[in-house]
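Undergrad: Single-letter residue listing:
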Amino acid sequence: MTRLLYRVKSRMAIFAHRKARGMLDGEYGSVFRGRSLDFDDLRAYVPGDEVRDLDWKATARHGSPLIKRYVAVRRQTVLLITDTGRNMAAEAAGGETKKDIAVMALGVMGYLAHRHGDIVGLVCGDADRTTSVPAKSGEAHLERLLRHVHASATPDSAASRLEDQLEHVARTIKGRFLLFVVADEIAATPPLARLLRRLRAQHEILWLTVRDAQLTAEARWYSVHDASPLLGHLAGAPGVAAAYARAELVRDAGRKDMLRRAGITEGSVSESQDVIAGLFALLERHRRAG
Amino acid sequence: MSWWLVPLGAATAGVAAWAALRPGRRNNARRRPAAHVERLTQLPEYQAALRRYRRWLAVATIACGTLLASTLLAAARPVGIDTINPEQHNRDIVLCLDASGSMSSADAEVVDVFARLAADFKGERIGLTIFDSTAIQVFPLTDDYEYARDQLTLARDAFNGKPGTSGFLDGTWSGRGSSLIGDGLASCVTSFPPGREQRSRSVVLATDNFVSGDPIMTLQEAAGLAKERAVRVYALHPGDLDYGPDAHQPGAQLRAAAELSGGAYHALDNPEAVPGIVQAVQATEATALGGAPRAVATEVPDLPLALALLSGLVLAIASWRLRP
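Each protein sequence line maps, in turn, to chains B and L.
Quick note: the first sequence uses the working numbering, first residue 1, plus one each step.
Quick note: the second sequence uses the working numbering, first residue 1, plus one each step.
Simulated from the structure, these hints should not be mistaken for laboratory data.
Positions of the beta carbon are idealized from the N, C-alpha and C atoms, including for glycine.
Hints are not guaranteed to be accurate.
[As the list claims (entries may be wrong)] DEER-style ranges, computed between Cβ atoms: (1) L:Ser2 - B:Ala227: 38 to 46 Å; (2) L:Arg51 - B:Ala227: 21 to 29 Å; (3) L:Arg51 - B:Arg287: 34 to 42 Å; (4) L:Leu305 - B:Ala187: 52 to 60 Å; (5) B:Asp252 - L:Arg30: 25 to 33 Å; (6) B:Thr172 - L:Arg31: 37 to 45 Å; (7) B:Pro134 - L:Arg55: 53 to 61 Å; (8) B:Gly138 - L:Arg51: 56 to 64 Å; (9) B:Ser228 - L:Leu310: 31 to 39 Å.
Work out the full structure, taking the sequences as your base and the hints as a guide.
TA: Right under this line is the structure:
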């Protein structure tokens, strides 16, 4: 098995090459690095850096934009939260397994955090149990986290229940963390909304939604829940497809509304190719919002 | 009947159904996993579509089962058991009618009755011979009842003197004399096919037995011929005007001739009595034949085949509705 982190890194390298080197790093840094007053050094500006961090005098002297770097006040803890129930073993809108997209997203985020010297922990699980891996630094640790997610989410896993994992976080985590949640199209419910508001009061939360497959598409599906086949020709009937699309719009609006009210920035991805762009957009939105 | 086919076919169908419905291990091998399927399946629109689909599926299943069952039944060649009196439908009847003017109304009644009886004939053969001085075979023994009925209707019209039908009786006067009863009866008796078939033979002879002329055969001789050929003669005599129990009176002669051949004699008081007497003759005939009732198996595939056709149609419609 290829190292999962290796895949993440190569994906990030491609992205960095395509866009601008360090862009994601810049975004991450501007969003999460606490600014201390202890000046550290200057470095070259990369797109995504906070404009107010520019050292204008140094820039004028140097001829190219320079950014002031400060010594970090504290090491941040990034807590990756994801669902490893059997729902994640199903297909995403892009045709991949949702789990693979989740691993990619968690890997990118974890690697960004690692590059910035932050420590990364994991809370994942299903309806039966919640696993918590304490935050540590290091690529090996990150690789272990990704492997754990990759191995846990199978069609034979228990049902998905992200509320349990979020509750676990609310119950056991002390201190202010950065929560990075990767979930599928979760439905908004009042208890979940309460729980998210409760978590948001303590933590910074980023939410990445992995888009679920379109069940009305021309394909033969079976439910990961009970392995029962879906009658595709019924699902594809115009009336049913229209109703499904309407219900999906309502559901998406409900989730967006719930997250917005809780003060959580949400992004969404359909395939692992989109992960980095989606994450970038998510960080960007979060920076603007916060 | 091949009833053994039914359990065999049912067992085969059962095995096929079991093989088709057995929960397969690789059922979902070519399907793709999907989460939150209930978000689709709980939609009222999907539920309605599913109900429709299930309804048609049930119709198709029932039609398929009916089709299988009925074709299986048809393949087993079902038979209906009928008890029949074999001789009942195994008769040859020759109507032997005296065409002299005095007999017209009685003849008309006789042919009318037989025209109606012919509608119910199954296997009987009927023939018509009319005679006066010469005997004319109008039609020989036949089981073409439609033709017989036409001819009998024509005969009735002729006997009733309907205008334009007198030609029907042409040729019956070409001999010398008139009402040559013995010759007429002999002609009728000889109109049965030669040889001894396994069919009962009877002659319905309607005559007043007023002979005027010189017949080749007397009534007595003709009756003997009938007896010899196992032909029963049923005599109908309109206007039995016998005077005393003299054996030479026409009525008594006729009775003697009929009874000699094993038949019966009926005097007609008026032509309207003919249907009753013909029935009596039929009844006598039936008892005289006395064939033991026999069970006859006839194939009756109509019902299963009609059912199979119907369920095939229903199946076609249902599968058209069920097509993905």
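Undergrad: Range hint 31 to 39 Å: satisfied by the CB atoms of B:Ser228 and L:Leu310?
TA: Holds, at about 34 Å.
Undergrad: Taking the beta carbons of L:Arg51 and B:Ala227, is their distance inside 21 to 29 Å?
TA: holds, 23 Å
Undergrad: So the hint says 25 to 33 Å: do the beta-carbon atoms of B:Asp252 and L:Arg30 match that?
TA: About 30 Å separates the Cβ atoms of B:Asp252 and L:Arg30, which means 25 to 33 Å holds.
Undergrad: Range first: 34 to 42 Å. Now tell me if the beta carbons of L:Arg51 and B:Arg287 are that far apart.
TA: About 51 Å separates the Cβ atoms of L:Arg51 and B:Arg287, which means 34 to 42 Å is violated.
Undergrad: Quick check: does the Cβ-Cβ distance between B:Thr172 and L:Arg31 fall within 37 to 45 Å?
TA: holds, 39 Å
Undergrad: So does L:Leu305 sit 52 to 60 Å from B:Ala187, Cβ to Cβ?
TA: holds, 57 Å
Undergrad: Quick one: are B:Gly138 and L:Arg51 within 56 to 64 Å, going by C-beta?
TA: Because 57 Å falls inside the window, the suggested range holds.
Undergrad: Is 38 to 46 Å respected by the C-beta to C-beta distance linking L:Ser2 and B:Ala227?
TA: holds, 45 Å
Undergrad: For the range 53 to 61 Å, tell me whether the beta carbons of B:Pro134 and L:Arg55 fit it or not.
TA: Hint holds: Cβ distance 57 Å, inside 53 to 61 Å.
Taken one by one, the earlier hints fail for this structure only at number 3.
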